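So the protein lines, in turn, are chains A and B.
Our numbering puts the first sequence at residues 1 to 258.
Our numbering puts the second sequence at residues 1 to 276.
In case anyone wonders, no lab produced these hints; they're calculated from the structure.
Keep in mind that the hints are not guaranteed to be accurate.
As the list claims (entries may be wrong) - Pulled from the structure, derived: some chain A residues nowhere near chain B, Cβ distances all over 12 Å:
1) P44
2) L73
3) Y109
4) D128
5) D179
6) E199
Said to hold, decoys possible - Which residues of chain A face chain B? A few of them, derived with a C-beta cut under 8 Å, are:
7) N57
8) R90
9) G120
10) R167
11) I175
Treat the numbers as computed from the prediction; the structure is a model and nothing was measured.
Where a beta carbon is used, it is the ideal one built from N, C-alpha and C, also for glycine.
Now for the letters of each chain:
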Amino acid sequence: MAAGANVRLRLETVRLTALFDRTAAVREVSILFPAHTVTAIIGPSGCGKSTFLRCLNRMHELSEGGWVTGKVLLDEVDIYASDVNPIQLRRRIGMVFQRPTPFPTMSIYDNVAAGLRVNGRRPRGEMDESVERALRQAALWDEVKDRIQASALELSGGQQQRLCIARAIAPQPEILLLDEPTASLDPAGTQRIEELCHELKRLYTIVIVTHNLQQAARVSDYTAFFYMGRLIEVGRTSALFTKPQVEQTEQYITGRFG
Amino acid sequence: MRKLLNALMTAVVALMAFTAVLALVLILVDLIAKGASSIDWAFFTKSPVPAGEAGGGVANAIVGTGIVVGMAGLIGLPIGIGAGLFLAEYGSGRLGFLVRFVADVLNGTPSIVIGIFAWTWMVKPVGRFSALAGSAALAILMIPMIARTTEEMVRLVPHSLREAALALGYPRWRTSLRVVARTALGGIVTGCLVGIARVAGETAPLLFTALGNLNFSTDVRHPMQTLSLQIYVYGTGPFEEWHRIAWAAALVLMALVLILAMVARWVTKQRYGRGR
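Turn these sequences into a full structure, and let the hints guide you.
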């Protein structure tokens, strides 16, 4: 994906500040997320990267005392404008969490269909197609096609996480937010998810929070470094890792702190 | 010395556990010894006969228990479960604290007090004892129990599941019902069954409300017999025949409660045994 003038801008934050009651966890962050790219957010624990991610689909405001100032523009519309329905908005932005969160009472099929069903009823055949497409995109179809009605809990941790990705992309969102999606997976599971990021960016704009610098370098086009709630530096991943402009970034990526 | 102390303590707690189990065993043995011989087909199918005559059964009491407890469930379960969901999902504020406190107090209220309360509001104004008033009294007993169990069960559902549903664009009510409550369903059903079993044997609140009835009746606006009332009346009555029937009725009631408890265990296993 070349970053040129014709890249359609999908998501942008403008001086976004996220607060818990009176304490700011993220301060005045402005970033562009070009369409069909993967942007990695890195930084030490507690730097606000997860909180920032949760602002992008208005999940932060569901936390106790959570509120924001500034703007998040999705196709130039501020998602925090008073006429935007956060529930509708979240259907346009998929999210995957640190630990796999399949719905334990639902089958594999129903898990993937869950996000489609909240958007209203649709014919059985169409539903089957959407579920299969999502599972294929999440590279899980071949492993589960013969037991699609089995409990989601029968899957391994890595499979459960891919199931969660399938569930998130089934409604065909525009943006996919991944919050340390490989934190609880083994190396093989991690590799599958990373490969998926490369596949999925053709279809979605991806923002991934990660603790793992190698992972950020492997999967992302752009990298943003957060420290103490502030955006320290953002740039093309290749440039940021080889020629960081800010000293703190260099210290972090060379392992001198965090 | 250390080993000796350890052995001693183990023996002490084992003895206590044994005593706890012994109570149930003794009750069951006693009930079977004194009641089993009176149980035959007629016992389940016939209504009582006038005092002094032989034969007759407790069909009216069995059906009455079913109706009174069933109606109590119809009133109490939705309210109890709803209150429990409210406490778990929205119960962090003042109102939640208040509801929780009231539920705990109500849980500890002697059932006879609730019986008097039901009498004041549902029997006295109408001038007539009724099964409906009995059901209301049992429902009041049931509600706080079920509300608190439901709350506990819903709270056990990981927060991450709730977030996953919300992030998918589920409205909050749908998250609560489709994901959270459904995940907690096994526990909630168990709580309901235990609650029903608890009130099925209640006598005190029914003395002022359902009153009891020596004849077969399914009219909920009039007095109705239940097993517990029958045991009370027959057990304290003057006739040898009545005592015999009271023992048998006690055995039937105990069996009902045991069956409910076992179904509750089974449901719990079904829900939580899967996949893990």
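Quick rundown of the hints versus the structure:
1. P44: holds, 23 Å
2. L73: holds, 20 Å
3. Y109: holds, 15 Å
4. D128: Fine: 19 Å to the nearest Cβ keeps D128 of chain A off the interface.
5. D179: Given that some Cβ of chain B is not farther than 12 Å from that of D179 of chain A, nearest at about 10 Å, it is violated.
6. E199: holds, 21 Å
7. N57: holds, 6 Å
8. R90: holds, 4 Å
9. G120: violated, 12 Å
10. R167: With a minimum Cβ separation of about 7 Å from chain B (threshold 8 Å), the hint on R167 of chain A holds.
11. I175: violated, 12 Å
When held up to the earlier numbered hints, the structure conflicts with 5, 9 and 11 and fits the remainder.
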